[in-house]
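Enquirer: Heads up: the sequence shown at position 413 corresponds to 413 in the UniProt record's numbering, and the numbers run straight through without jumps.
Because the hints were derived from the structure by calculation, they are not lab data.
Since we're looking at a predicted model, the values are computed, not measured.
Here are the simulated SDA-like cross-link-like pairs (lysine to any residue), alpha carbons at most 25 Å apart as the crow flies: (1) Lys-651 with Gly-546; (2) Lys-668 with Phe-476; (3) Lys-469 with Ile-296; (4) Lys-411 with Gln-441.
Cβ-Cβ distance ranges computed for the label pairs, FRET-style: (5) Tyr-518 with Ser-582: 43 to 51 Å; (6) Gly-533 with Leu-636: 30 to 38 Å; (7) Ser-582 with Val-418: 54 to 62 Å.
Positions of the beta carbon are idealized from the N, C-alpha and C atoms, including for glycine.
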Amino acid sequence: MPGPKKNRLGNLPTPSTTESSGETDPTITVISARYRASWPQLRPLPLEWSTGTASTLPPLLQQRSSEIQHTVLEIIRRYRNNNGDDGDDHEVDVSLVNQQMASQPHTSVPTIAISAPWSESRQGLWKTVIQAIAVKLYYIFKDSDFSYENIHIDMQAPELTQTIYYGPVDNHLVQSWDNVRTLVRQRLELFKSTAGCMTAICLFHYGTLRDINDNPITIYVAVNYSSDETGWLEVIADIKANIQKRGWTDVQVHLEHNIGMSYTFPLLEPKGPDESLLRAEGLSNNMHLHGDYQQIVKPGDDFSASDYITRSDNVLKSSGFGTLGCFVELKTKSVPVWKRYALTNYHTVRPALPGFCLEPVGSLSQTGPPQPGSDCWTVDEKGYFPNSRQKPIPLESPSRAKHNFTIWFIKYEIESCVQEIQKLRVQIQATNDSTEIAKKQAEIIDEQTSIQLAEDEMRKKIDFFDADKHILGTLFAASGYMRRADAGNHKMRLDWALIDVAGHRQGPNCLPLKPAWYKSLSDRRAHPSYTYGKLLKDQSQSIGPGNISSVWKVGANTGPTIGRYHSNRVDCTMAEDRHLESRMSDYATTEYIYQPGYFAGTRKFCARGDSGSVVFDENGGIVGLFFRGHRPNNSLDGGFGLVTPIEHVFKDIIDFSNGGITEIRVAKN
1 MPGPKKNRLG NLPTPSTTES SGETDPTITV ISARYRASWP QLRPLPLEWS
51 TGTASTLPPL LQQRSSEIQH TVLEIIRRYR NNNGDDGDDH EVDVSLVNQQ
101 MASQPHTSVP TIAISAPWSE SRQGLWKTVI QAIAVKLYYI FKDSDFSYEN
151 IHIDMQAPEL TQTIYYGPVD NHLVQSWDNV RTLVRQRLEL FKSTAGCMTA
201 ICLFHYGTLR DINDNPITIY VAVNYSSDET GWLEVIADIK ANIQKRGWTD
251 VQVHLEHNIG MSYTFPLLEP KGPDESLLRA EGLSNNMHLH GDYQQIVKPG
301 DDFSASDYIT RSDNVLKSSG FGTLGCFVEL KTKSVPVWKR YALTNYHTVR
351 PALPGFCLEP VGSLSQTGPP QPGSDCWTVD EKGYFPNSRQ KPIPLESPSR
401 AKHNFTIWFI KYEIESCVQE IQKLRVQIQA TNDSTEIAKK QAEIIDEQTS
451 IQLAEDEMRK KIDFFDADKH ILGTLFAASG YMRRADAGNH KMRLDWALID
501 VAGHRQGPNC LPLKPAWYKS LSDRRAHPSY TYGKLLKDQS QSIGPGNISS
551 VWKVGANTGP TIGRYHSNRV DCTMAEDRHL ESRMSDYATT EYIYQPGYFA
601 GTRKFCARGD SGSVVFDENG GIVGLFFRGH RPNNSLDGGF GLVTPIEHVF
651 KDIIDFSNGG ITEIRVAKN
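Make the full structure from the sequences, and use the hints.
Expert: Below is the structure:
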């Protein structure tokens, strides 16, 4: 983790600050949970050190930073010695930094971040240590304009900060996992701290060891942010006691706050204190669209609603983007000839429905419940078909989120060239060397050429939108949020939509060419080499137990990726449809998951913006529809993806039409 140098226990100078005699110490209430303790509040993980201008501590803290850190280390050492704790001094790190909740710079506060070994027997000691540190801060700052309460103290075990390695479990426990998973879900509902909060229940080898199979078998439980972390210890103890009755001994249980890869909504134009960070994040998320915008669309292209969203606080936002999965063809009872539509996820087209709602989370946004009785609420509940009365707005490709970032980035490149020209002209004025002058004049011409090319590119891209060439089509049909597929003894979520794409924008179902795979995956063994530039095919095999272990997809964020199958299904819920939970007896569903592939450099299978991607096998045969991802906190890879078998999707499209649709297949060229 980048940031200020950490301080460790050792031979430290004695702090100079002393308390006034006879003065009453302030009351300090420490909040304690598994693996951590904090004051004045226990903020949900993950936390991260602030960057850019947000990383600068207040001047008084900068001046006394070393003193504070040495004081903290001395307090820890004193209380450990007094309590007979013979832990290694080098296991304790202390840093004074600005710390924020993940991707939320507005939550940045000065924090004394402490890393130390944890155990249940040390909980009381941790609380005592933090109380002592807070009291010391009070006396350090009591005669200044800075309040000690403006500093947070957060003490965590390495288990919460180290890189996590996880992978599939393949032993005798797998046979009873479905029953144990159901048991775990039931136990979660019995405790106030976790009832109604589950977002995922998984079975992994999970831990900090690089060799995944050396990590303990762990039941991984993710919950939303309404779950009270201080109650998790008793929940974990209860789950362990109950699974041991089923013969599941030596199995760990891990709980964490994590709602999965939620749909994101970028600003109209990237804004923030650190523009270089905004550029880096945008480029890493494939937001920069290179070259001319294309009239025809293909699998893996991005799309969005063709308008901005007014957030609940009246701030205008871009629609988030999703991925066009592929083209399919339908026959209907009234028109028994093949007609083409684009397949994607329902939740990626929701912003096109009136009543869709965004809520502010600091400088970011998240989806909120739709307006009751609105088109969005109705389609969430009942789905959408051409005879529905709801009126979604058209969809577009490319998405305005990527378009806006691209234009902003081109303007930055132009400004960089202008600044370089100014610098070169100053250098020319400062020299009489004719050779050097000629060299710099040539560089100026190169920069001017770059400006002209960038301005031409920007004008073409803006003209593409101004001429309405970005309009992709309209919603034809959608599942809504309440439909489920029967899969043996469990239910799977159905999250599909069909887009009626304008004829002149329909492209072939081409899979990526060889160079695109090498750009994304350097190891050729990770490639589906038989599919280079070929057309997507109809299904020839299924996903699930005993079937194919590796699959591929093309996402609007990640591009081409590979995933490996986990034989252990997971239970999960989604944040965006919680307003319908009371109307569903099967709100939580059981899903198949795929993790990034085995090969070097394959650390991502999915990311935000990939929703709607189709998943295919080594021969290019369609096998599933990716709809959501989930990344365990601090995991080395980019997280696993949830995939619905394509046969369930196709069957439900026909069933939903009540006989209107008679056949469906992958579109032919």
